[in-house]
Every structure is written in structure tokens, then in C-alpha cells.
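Engineer: Sequence order for the protein chains is A and B.
Just so you know, we're using the numbering used here here: the first sequence kicks off at 1 and counts up by one.
Just so you know, we're using the numbering used here here: the second sequence kicks off at 1001 and counts up by one.
These are calculated hints, taken from the structure and not from any lab test.
Fair warning: there could be bad hints in the mix.
Computed far set for chain B versus chain A, every beta-carbon distance over 10 Å [as the list claims (entries may be wrong)]:
(1) 1009
(2) 1029
(3) 1069
(4) 1075
(5) 1081
(6) 1142
(7) 1143
(8) 1149
(9) 1167
(10) 1182
(11) 1183
(12) 1208
One side only, chain B facing chain A, incomplete, derived with CB under 8 Å [what the hints assert, rightly or not]:
(13) 1055
(14) 1060
(15) 1112
Every residue gets a Cβ at the ideal spot worked out from N, C-alpha and C, and that includes glycine.
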Amino acid sequence: MKIHRILRTALQALRRNPMRAMLTTLGIVIGVGAVIAMMEIGNGSSAAVQKSIASMGANTILVLPGTAASGGISFGFGTSVTLTPQDYEAIVRECPAVVSAAPVVRARTQVVYGNRNWVPNTIEGATPSFQQVRNWTDMADGEFFSNRDVLNANKVCVLGQTIVRELFQGESPVGKEIRIKNISFRVVGVLASKGANMMGMDQDDIVLAPWTTIKYRVTGSMLTSNNQSSSSSSTSNSSTSTSVNTLNTLYPGQQSLYPAQSTTQAADNPISVRFTYIDQILANAASTAEIPSAIRQITATLRERHHLRDGEDDDFNIRDMTEMTRMLTSTTHLMTNLLLCVALISLLVGGVGIMNIMLVSVTERTREIGLRMAVGARARDILRQFLVESVVLCLVGGGVGIVLGHGGSYLVQMLLHWPVQNSPGAIAAAVIVSASVGVVFGYYPAWRASRLDPIDALRYE
Amino acid sequence: MDDPMALIELRRIVKTYRIADMDVPVLKGVSLRIESGELVALMGSSGSGKSTLMNILGCLDRPTSGEYWFDHKEIARLPADERALLRNRCMGFVFQSFNLLPRASALENVTMPLSYAAHYISDREARQRASEMLRRVGLKDRMEHEPSQLSGGQQQRVAIARALINRPPVLFADEPTGNLDSHTSNEVLQMFEELNREDGITIILVTHDAAVARHARRVIRIADGLIVDSDTESSLQSAEGK
Ligand SMILES: Nc1ncnc2c1ncn2[C@@H]1O[C@H](COP(=O)(O)OP(=O)(O)OP(=O)(O)O)[C@@H](O)[C@H]1O
Ligand SMILES: [Mg+2]
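Produce the entire structure from the sequences given, and follow the hints as far as they go.
Structural biologist: The following block contains the structure:
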């Protein structure tokens, strides 16, 4: 018997009781609809996470100084090593997998403009290469500060959109002066908006200045004045804190200009490690695949520079985004999988409904089965007919479910503004799954039908 | 038996039903020969086992024991699929209660056996053959009617068209006129005669109406599960006379 004829027979049988067919397939409709909606919403959110990871710089590697306790090194006087500008230069010079890098010093304090003030999330000192490393080359206004500004520790800064909104309220900030710790900074540029990162942190709440300026003028003065907000000062490395260098306009990388601390000086200030340190080094690998080799090269470079012997632990930490990416995507995957389980359970329930109705249908149509057998239908013809009927029922349900699920996720996108993403894979899976539900749950009733004896079936009342 | 085999030959067919651990013998050793081209009436009182015998003849049921030779083949123990094929190709069956598919047109009812034919028949050819068949039974303007829109006689004619669609050599009819009035039953019987005469189709029909049996050229009588009298036309007169 040709498939189109079986299909036609199945459709005729289903048309005889359209209401029942509809109600029967409702379970499949709901199950498939839920699967599709879940997949599209789940995919949407994981795509959004991926995007925000990319906006933070998926290839970014963060080098942090080792915390004082880490590494098992006795961090007695003069032995603890932290990151220096020279480390940064060495990384740029010696690590081919690193395409760009920037030193970062951080501060946290108030920013004042006129009579308004604001405490930005981030005040960072960096170099112009920061733009490349963070993949943030777009400027909304003005331009980024230059290497010369870094060299001279010029009092210039670049603002994020949030700062502009909070302090300037529509005024153009370029050329204006803001005060950070009572030091006037001229605003030279405004960064393009980058939005929140995946932790929900506003990335536009940022003030960027040459790292030398932040280092020597802001955090330096902050700590020498030694009263307020030292707790709110620099974040990641508590071990270092004081840099007693008072202001000098020369680039501190030229070490010869800064005589190393004398023992007496150091003794006066036991926590101090080196006379210049930076809080972090941001580096950018050429691609995600290059991240491991970049990390290896940075590690090698820093170990050599810090004179670490084999067996000694690193006195620095290297972090990259892969771990965070994995963590975040695994969270969304977990959610998607859980919801998928629920959807599959409803498919199962739908399948049981199909089986129930198919059994009723076989009983109802016993005489028809007997008649078909009497005119020559073989057991396998009957089996096939009922199987096709339940598969058609499930596929129709699956089709309606796909439309409903898709419509549902569209509504979610329109009304709740959740990110959703079409999932052709889920649609294909839904089709296959509903067909399989039809086969699995239709098989037993169809088998029962095919096992009937023609004469018994004909005599059935 | 020495003479060449008939189209249908039953040898000591026994059918015993088993109800609640009790054997109910219905056919107690029926032997029977029917030649190709015969028109046979099977008569007997109610409960004598006519329908049981017809179901065995029509390959719908299996005998408990005995042999059933059909066209030189022993078919009582054939596997189910081969029996289905045989029913499809070589036997037509007409039921007392018509047994049409409800909510399917006359045409669809008639084409239905073609779906199970061993050789593929295109939709167009199937329609053609079915409408030809319906025209022969006088229903060419009722092809799209569903059974509920047809009279009893018309329904039975649709059933006959369905039984003949695969051009079987043998037609079995179990009380085909049982649900029809005398006028329509006459029409149906005339059609049987015509099919038998013109197409050479062997026809075996069950009835307990002597007027119906008169259309047959041979009458087989069955009583209490045994053949009591297998006679030709000549003896029929006496049967009628009593
Ligand atoms: N499926 C069955 N199970 C048990 N006994 C049966 C079954 N079918 C028929 N019988 C018994 O077999 C006997 C013969 O039945 P059958 O239907 O062949 O009679 P019949 O000659 O066709 O009668 P009628 O003229 O009334 O149709 C009856 O006594 C009946 O009780
Ligand atoms: Mg009967």
C-alpha cells in the first residue's frame, strides 16, 4: 500500500472526529510549544551572554599581582614582587600571542564637576592601548588621551557615558575640567556607550586617565593625606598600597630616574614593595584559541622577570574569560535543560493521551478493521494504517506546537524584551520528537489492531 | 478421489467452538465439491452452521480440522498474510449486513480493496475500475453517496461491487438478501445470475428462502453441521414442492 494512500486513509479517519483529534493532540501541542519556546528563549539568553562576554573582551587576559599570602613565599621585606610597568613592557615585547596590552591602576574616589559630584564605579589609569585591549575604540566625542599624556602624567581624562549624564547633564564635557581628589583633570574625550556587562555592571560608569597621573597624583596624594577613604581606595591589591613617590612628571618606566628604595626607606615602610607598581595588566590574545599560549608566554615572561625558581609558585594571578564564559553559559544551559525536562514530561503525557485515544479508536473501529482484513488487508497494513494515523496526529500537534511556541517566544520578545533566538535545530527536533511520540505511543494500539482475527473483528458488536 | 480436482474442495471439515471449557461442535465433517462456474445455494435451518461454513470457505475463519483445497492448493493452514492475499485476489465476500465503511463514498468503498492489492494500481485506474463496477451494478449516479444516503438494496450493490473489484473467480454471499425486501432481493439475485452467466464467476450464496434458492443451479443442504443433500436443479423442484 502506497504511503500517500495510507496518509489519505489516516486523514479521513481523523476528519471523522476532528474535535477528538484536536483534544488528543493538545498534549503534544503544549509539549512541543513549550520545547520550542524554551529553546528559543534559552538560546536567546545564552547568545546575549556570549555577546556581553564578547563586549567585555572575550580574548582579554587579566594579570593580577599575587596576593600577599599566596604563593608560599615569605613576603618579608623586599621579597614580595608585584607587577611593575616593566612587566607590562616585557609582556608587550616578549609575548607574540599577545596583540595588545595595557597597564592599569585603579582608584575609587569622588569626581566633582561644578556643584555636582559622583563616585564612579571605575576610575582607571591606563595607556591608549587600553582601547584596543578592551575593544573600545569608538569615541562619542573628542579623543582618547595620548602616549605623551601618559609620559608626562598630564591631567587629562576620558569619561564614560554614565559620568557625562550624571555630571554634565547634556552639556558637552570635552574641554571642561573635573576634579578628582582636588586635582583638576581636563576632559579630552567621551567613550562610546558599552552598556552593562554580563554581571549587570554598568561599563559606562568609568573615568579613564593616564596611569601615571592616577598613580602619582591621585592615589599617591590620597594615601599621603592618609585620612579619608583609604579603605575605598585601590581595590585588588592590599599588599601594596603606598607609593611614596611624590609627583614627578617623568615617565616612571625609565627606572634610572628613580633611585631604588634604600633599605632605610624600605624599613620605614615595611609594606612597600617596589617603588612603582601597577594594579593589573590587561592583555589581549589574538583569538580565543590563542588564549592558552598567551597565558603560557605571559607566565614564562613574568616568572623570569620575577626570578622565580622552578618549584616556586607564581607571585601573580592570570585570569581569562573562558572560565567565566563557561560558568555563565553552563548556568543558562542548566536552566534550558531543566525547562526542557519539563517540556519532555508534558510530551510524555501527551503521548499517553495519544495512546489512550488510539486504543479507543481501535476498539471503535474493530468492524472496519475486520472488513479491511476480509478484503485482503494484511496485519502489517493495519499496523501501518494506525501507526500513520497516530504519527499524523502527533505531527499536526507538533506543527501547531511549533507555531504556538514560536509565537510565544515572539510575544516574550515583544512584551518583556527578553532576548530570543530562532532555533532551527529545536524545530527539527520537535518534528522528530513528535513523530517518535506518535510511533512509540501509537505502536501498541496499532499492534493490537493488527493482531485482530478477521472473523472476530467482523462479528464484534 | 480420482477425477481432477474441483475449484473448491472441502474434506471432512470440522469446526468446534470452545465456550467456557465446553466444546461446541458446529461443523461435524463437511465434505464438498464446487466446480468452477457453478451458482450454488447453501440452505439449512437457523443455527445449522451455514455462516460458519461460509466463513471457512471465504478464508475468514480456519477449520478445527479437515482440508480445504482451493484451486489445487491446500489453504486451511496457510499463514495469515497468504490468506489475506487470497481473499484479496481470489475471493469476494458479501455480507448480510453490507459492512460498508460509514462516511466514505460509494466510490471509496469500492476502491478500498484495491489499496491492498499486491500490484500497485494508480489512483486514476482505481477510480476508473470502481466507477465501471458501480455502473455495472446500476449505481453510476450514486458514486459520491455515502452509505447512509443509500437504500438497503443500493448498499448491498455497493458491497457486491466492492467484492468484485479485484475480479475474483469466486464470490461468497452470506444471506445477501436477508435485509432486503423481495423486489430488491430479486434485483440482487438477477445480478448474481448475470455475473455467473456472463463472467463465469463461481457464486456460493447462503439463504433459507426457497425463492432465493430457485435462482441457483444447485442447492446444498446442511443440517446440524452435516451436508444432508447436495442436489442439482432437478431435485430442486421437489424441495420446493414440499
Ligand atoms: N463465535 C462463535 N462462538 C461460539 N459458537 C458459535 C460462534 N459462531 C457460531 N456459533 C454457534 O455455531 C452454530 C452455528 O452458527 P451459524 O452462525 O453458522 O448458524 P447459521 O446456520 O448461519 O444460522 P442463521 O441461519 O441463523 O444465520 C450456532 O449454534 C452458534 O451458536
Ligand atoms: Mg448465518
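Engineer: Hints broken by the structure, by number, lowest first?
Structural biologist: Going through the list in order, the structure violates hint 5 alone and respects the others.
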